[in-house]
Structures are given as structure tokens and as C-alpha cells.
Amino acid sequence: MSTPAPALVVTGLRVTLRGTDTDIVDEVSFSIQPGEVLGLVGESGSGKTTAGLALLGHTRRGAEISAGSVLVGDRDILKLGLGELRRIRGSVVSYVPQDPAASLNPALRIGTQVMEVLETHSFGADQTERRDRIAEMMREVALPDAPAYLRRYPHELSGGQQQRIGLAMAFACRPRVIVLDEPTTGLDVTTQAHVLGTVRELAALHGAAALYVSHDLAVVGTLAARVAVMYAGRIVELGSADELFRSAAHPYTRRLVAAIPHLSGRRALVGIPGRAPSPGSRPKGCFFAARCTLVQPACEEAQPDLRMVGDQHSVRCIRAEEVIGQAVLASGAADEIAAGAAGEAVLSLRGVHAGYGELTVVHDVNLEVAPRECLALVGESGSGKTTLARSIAGLHHQRTGEILLRGTPLAASSRGRPREARRDIQYVFQNPYGSLNPRRTVGQIIRQPIELFGGVERPDAAVAEMLDRVALGGRYADRYPDQLSGGERQRVAIARALVCRPSVLVCDEVTSALDVSVQAAIVELLAGLQRDLGLAMLFVTHNLPLVRSIAGRVAVMSTGRIVEMGVVEHVLRAPSDEYTRRLLSDTPSLETATA
Amino acid sequence: MAVTSDIAVTPEPEVITARRPAGALLRSSLRLWRTRIGVALVVLLVVVALFGPFFAPHGPTDFVGAPNTGPSDAARFGTDHIGQDVWSRFLWGGREVLGMAVAATAIGLILGGLIGLVAAYSRNILDDVLMRAMDVILAFPQIMLALVAIATVGPKTWLLVLTVGLTTMPRVARVARGAAQPIVERDFVAAAEALGVPRLRILVGEVMPNTLSPLLVEVNLRLTYSIGLIAGLAFLGFAPNPNGADWGFMIQENRLALVQQPWGVVLPVVAIALLTIGTGLVGDGIARAAVGIDRSRGGE
Chain G
2 MSTPAPALVV TGLRVTLRGT DTDIVDEVSF SIQPGEVLGL VGESGSGKTT AGLALLGHTR
62 RGAEISAGSV LVGDRDILKL GLGELRRIRG SVVSYVPQDP AASLNPALRI GTQVMEVLET
122 HSFGADQTER RDRIAEMMRE VALPDAPAYL RRYPHELSGG QQQRIGLAMA FACRPRVIVL
182 DEPTTGLDVT TQAHVLGTVR ELAALHGAAA LYVSHDLAVV GTLAARVAVM YAGRIVELGS
242 ADELFRSAAH PYTRRLVAAI PHLSGRRALV GIPGRAPSPG SRPKGCFFAA RCTLVQPACE
302 EAQPDLRMVG DQHSVRCIRA EEVIGQAVLA SGAADEIAAG AAGEAVLSLR GVHAGYGELT
362 VVHDVNLEVA PRECLALVGE SGSGKTTLAR SIAGLHHQRT GEILLRGTPL AASSRGRPRE
422 ARRDIQYVFQ NPYGSLNPRR TVGQIIRQPI ELFGGVERPD AAVAEMLDRV ALGGRYADRY
482 PDQLSGGERQ RVAIARALVC RPSVLVCDEV TSALDVSVQA AIVELLAGLQ RDLGLAMLFV
542 THNLPLVRSI AGRVAVMSTG RIVEMGVVEH VLRAPSDEYT RRLLSDTPSL ETATA
Chain B
112 MAVTSDIAVT PEPEVITARR PAGALLRSSL RLWRTRIGVA LVVLLVVVAL FGPFFAPHGP
172 TDFVGAPNTG PSDAARFGTD HIGQDVWSRF LWGGREVLGM AVAATAIGLI LGGLIGLVAA
232 YSRNILDDVL MRAMDVILAF PQIMLALVAI ATVGPKTWLL VLTVGLTTMP RVARVARGAA
292 QPIVERDFVA AAEALGVPRL RILVGEVMPN TLSPLLVEVN LRLTYSIGLI AGLAFLGFAP
352 NPNGADWGFM IQENRLALVQ QPWGVVLPVV AIALLTIGTG LVGDGIARAA VGIDRSRGGE
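Those protein sequence lines, which keep their order, are chains G and B.
Using my numbering, read the first sequence as starting at 2 and increasing by one per residue.
Using my numbering, read the second sequence as starting at 112 and increasing by one per residue.
It is worth saying that the hints were derived from the structure and are not from the lab.
Glycine residues also receive a C-beta, built at the ideal position from the N, C-alpha and C atoms.
In silico contact screen, one side only, chain G against chain B (beta carbon under 7 Å); selected entries:
1. L396
2. S415
3. F430
4. N438
5. L453
Model the full assembly from the supplied sequences, consistent with the hints where possible.
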């Protein structure tokens, strides 16, 4: 790019399945200046992690780097032997993995582990110098540098602290390039905001070139000045974060941005229909052509090249100029969401406490959900929101207080409840990879409630109708869950919940395991179903911006208590509780990213 | 092709092992040479045991010559310690060992599987009661319990099958419980509970099918042990029918003349060895296919 020499130059990187010509990642080229953070964004299966790992000369089992170069200074990482690679990993190029808990050895004290990195790379002249360096690192990642702290074991640290240790280890030898692979996934927004700040400061301070791999466009937008968007193993667009969010030149980027929930301004989320082609089944033309609304015959003939459309803005689309010319954010205004309680509450909670053994995690919760109303329950992990949701479904048994369905108190355990109550309250689980029995077909899974509750004359027809309603179609009935994508599985779970026409639907973090474009589609679907079927819905989530797109009212939960409850518009615009304010300010969003 | 998608797609939020149906597991395990050899051995010995009697030149208790004579035209592998035809007794002698071993393993599998699943699913005091009871049985060597039972009641076929089956039970129960424990925590079990599906149906319909892969491995291992144990008991003289042909009992009868007329011992020993090696290889092959060892070789 411009004047100073880039710290990292990647050209024509290609990763293939070992011994085949099937590429996972191809034609990946970018450069990063010292002190700069480049965001690499993509959905699952886009090859972003593969590309990130290749910068360390590493591939997952069964894959190999077959072409390209990764220049750090004038040294090509990909030409180094195994011994040399081992020396430069951690010292010249370092890596921060996704899960801090899994990447730290639980049997070793953290001080020992950080020291190990320095010793391996013979950093510093002696132990005193290394100890000084460790203390310095600890201060830089905002952790105590006291020897007592360094004597702790990883399990004595919180998730955020563990990830800071990961950062300290990665920056310990002052590397020139650092690859961060979704290091804040699984952290609370507040912790995430702090870790992101630390990453930015460290990169600037050490003049390291940082590649931040993530699926979360909003997070990347707050952190990186430039962003590369990956789709099906290719970089489809590379430009400044601002350009990407405001005037993206690739249709995929546009759709991705439209799929992100916004904190301000209510609008419907629009998912991207279809699936990205997987390696080995990629077409010869543009990989996005099958899902693109602007597709022309020319798109399907040849793979478009990455070309410049602005000063530092390149894109892989032959109609980029038209795309830029389009109105910003194609998604329109949202449908009217019922805010007030429309009539008698169908579900009410009075003084509900719930806990595990001695520990009480839900304190004195009172709330009501009316028919045709969606109440969002927002809180960070550990706030007790899932325990509350499971109590309502009769899956968490240790609770006191009253949970009433149309005025009738319900037993704590689902088995103690009458059949009608079990049918009337349905629950959708967080993780669609765990909530469907892998040994049953989709049809059998959806039929289960029908067989149990009866009242449906033609079960097969009901299953087919339900599959249509969740936009899957009857042909899915014979498939097994492992043949479906995450979004499709969640649709099956929703179909199972709705097939017996419940009046209350409890959704527990139903989109947190899914990609943003899939999340948008699921929220779109749920909002539509809730309206059409007149459901009373409790939508549990940690994602504050998402609330706006689906719920009329919101309850904010912190350490087991509801700290604020009200109409979404009011709560998000003028939060009255300190905790809500903090949650709002720490939530990464496109607004703050481009402000 | 399975390999292709495994690598290409970034890991799913929750990686579920042994998700493939048991049928697919058997098929993929058959790509391994160890499984193929194992299956070939088992099939060979089962055929010998089942259909051997139809090809036996003499009855199992017919006298065809002097005791302990070497191979001749009248007796292909010579005669045994009282002048019966070794080859005929060998062909007759597999049925009982094999039949009893299979029956005993079936008893152990059904009871042990049930106890293990119930223990894992109950997640309360019942779990402890059941598993500690299993531990008590495990504390005694299998053969000792069998000997005590036989010494009390006598060497009856049903008793042998029952004791071997019952002593196999706790071993299967431990494996079944271990396999079911992660399954009962999964959300699809919670989903069934929220719907109010009866417990037995959850156990049989939701949990059990997901534990089949490890149980399949265990069954082969237990069959191997049962064959050895039943043959061993027969060798010690506890065969239900002292005059009948039985591989284990044949070894005991003829061991004194081992130097003079080895065939009476060698034939049943080789048969038992091949059968146990065969079932062992099959179990090992399935286990390897389940965890994905040898995948590159297996996927060719």
C-alpha cells in the first residue's frame, strides 16, 4: 500500500485437501502494516481460520498449503523447514486461539506457561530479564503482575483473564505478526470490549501486524480499520471498515451487513437464502452467483477477479459499480411489533426463585407474557436467564414461587404437569447440534409431540405442513440431523416445538450457535411465526441489538434479578438502570464501528 | 468424501463423536483389514461349529480304534484317549461352546446394558446402588464365581450360561453407563422430558440408539471372554455332558497324551484361539472405525 513497508505480505495463498486439487482457500492476498489490525470476516466454512493458520505455516490434518507466499519482512514463512517454523512460531508469528480455557494447560501455573514461551524462544539474557518481561506483559494486558497472581492455575481465572494470558503469551516475544482466531467468542460483551481494547493497544504499541479472524462483523468493525470479507475460500471484498459497512461493493457483504441487528432504529433482519458452496462443489463462475439477486449470465461463466473500485477498496464482483450505487442497507422497515400486553397474560411468573443446591441463581422474578406478545429476556452469561427459561419449561426443578399458565400454577417438573400444559408451553434449545437426536429422521423428530399429545388427524400431513412453514419443505422429513446445516437444524427444532400448536414458546439463545446471516433468517422466521400463530414468546438472548428486531418488550437480567423491564424502544434509548447502560455501551455494533 | 467435508467445514460448535448410525459404522469398520480378517475367522469357525457334525465321519462317542493312535485312514487325526475319532469329535464339539458363549454374552449384554442405561439416566441414588452392586460382582474373578455356582448346583448347561452371563453383566453395565452418561445430558433428552415422554421410551428410543457403537465393541470383547471362560470351565472338567464332544473338554481329556498324539489337543486349541482372535479383531476394528483411527487407510 503506501509509504511504510508492510509487516506482512500474503500473496496467492492456496490451501488444498492433501493429495487432491480441491481447494479450501485460494487466491488469498493481503498485506498488513506494522501496528495495523486487519479484520478477516467470514461465516463458518468460509476458510477464514484455514487462511489464518496458514500464516503460521500450519494446516489442519488432511490439508496442505500448495501455493502462495507469506512474507514477514523478507522471509517467506511457507519456505521454512519444520525446525525453523518451530523457532519462528511464537517469536516472529504468534497465534491466539479461540478458546482460552482449552489452550492453557490446566495442570501448570500461568507464570510457568508464560515463562515457557520466553524460554523456548530464548527471549532475554537470563531469568531476571524474563521475569521483568513477564511483569511488563501482565501490566500491558491489565492483569496484576504480582508473583502470587502468576502462581495461579488457569481454572482460578475468569474467561476474560484467561484470554488476557493468551494475549500476553502471544505478545511476550514481541512478534511481528499475530493471528487472533475469534479470541472473544464466548466472552461477555463487557469482557469482550476490554479484550478488544487490549488487542488494539498491544498491536499499536508493539508495531505488530495483527490479523483478527472473526465471524462477527460488528466486533471486527470496532477493532479493525480495514476488513477483508471471505466467502467460500476467497476474499470477495477488501476495504476500510467504513466503506464496507456504508457502501459495500460486493452483494455478499451487503447481505451480511443487512443481517446484523442494529442497536438504533428498528428494522427487520434479512437472512441470506441458500448455502455457500463447499470445497469440491464450487462452481466455475462466481461462488455467490447462486444466492445473488443481481446475477447475470456472465457471473456464471468465470470467477471474477479481485479488482480495485476505490483507493484501498477491492472487490470480486463484475457488477460492483452497480452494487455501490444501490441504496444503503436494502432491508426495509420492520413490521409493527406489538409492544403492550394485549389482553390477559397467558404466562405469568410471581416471585420465582431458582437455584442449584445452596446457590440461588434466580431471585424474585416477576413477569407476564400476553398472547401475541414477544418479551425478550436479555442478560450476560451467568445472569440466570437460561435457568429461568428452563424453569418455565419444567426442566429445572429446584425453584420456588409461582409459574402460572392462564392463571393455573404449574408444577416444577414437566412430568408433574398436566398433558395440556406440557403441550401448551414449548421450548427451543440454544444448540441445534445437541437438541435433535442424531439417530432419528427429521420426520420422526417432528412427529414425536403429535404421537404424544394426539389431536392431529393426519400426522404426516401436519409434519409436511410444519416443514413448509419453517421453509424447509417436505423432502427434509427423511433426512437425519447430521445431513443438515446449523440453521436447518434450528428450523427443525422450531417445527417440533410448534407442530402441536402451543400458545407459549420459550426460545433460549436460539441463534447464538449460528452465523449472522443464518441468525437473521431464523429471527425473521420466528417473528413471522409468532405473528401468524399468535404465540406468546419469551425470547432469551445475550444479544441486545437482536432484541429490537423481534421483541416488543424487554426484561434485562443481571445476577439473577430483573433490573429493568419495559418497551424495547424506551429501554434501549433511555435505559434507567446502570447495568443496562453499561451493557449498551459495551455492545459492539455497526453504529459504534462507523462512528 | 466424508473426509473432504470433515476438513473443509470449520468445526461445528459442538463436535459429536460416533454420530454415525451403527450400520454405517459396521460398513466403515469393514474397510479395515483387521475387521475383514476377524470376520473371516469368525465365519469360518462358526461354519465349522454349526455344520461340522454333518461332515463328521463318525459319531462323537463312536469307538474307532485303539486309544491315542496317530492319524490313519480310519481316523484322519488319530484317536483320543479312549479310542474315539479326534476329527469327528472336533467337528461335533464347537456347537456347544459357541452356543453357550453367545447365549451367555446375550444375557450379559441385555442385563448389563439395561442396568447401565438406567443408572446413567437416573442420575440419583439408584445410579450408586446399581453401580456399586456391579462393583461387588466385579471384585471377584469371573471364573471363581462360575466355579462356586457349579460346585453348588452341578455342571448344568443353563447354569453355566447363566453364571457366565451374570458375571459378564457388570462389565457391560459399566461401558453402557459410560456411553449413556454424555447422552442423557444432551438437549434432545431434555426436549423429550419437557414433552413428557415416558421414561422408558426416552431410555429405549432416545438414549439407547446413541450408545450402540461402544456397546457393539464391548459385545465382541465379551464374546471373546465368554468363549475362553466356557472352554476353560470345560477344561477344568465342568462340561454339562462329560462324554459329549466339547473343545474345552477335549483339551483336558487328551493333554496327557500330548507328546504321543498331539492332534486331540491341537485341533480344539487352534479352533478356540482362532475364534477368540477373530471376535477380538472384529471388536477392535469396530472400535477403531468409531474413533477414526486408520481413517486414511480405511477410506481408500
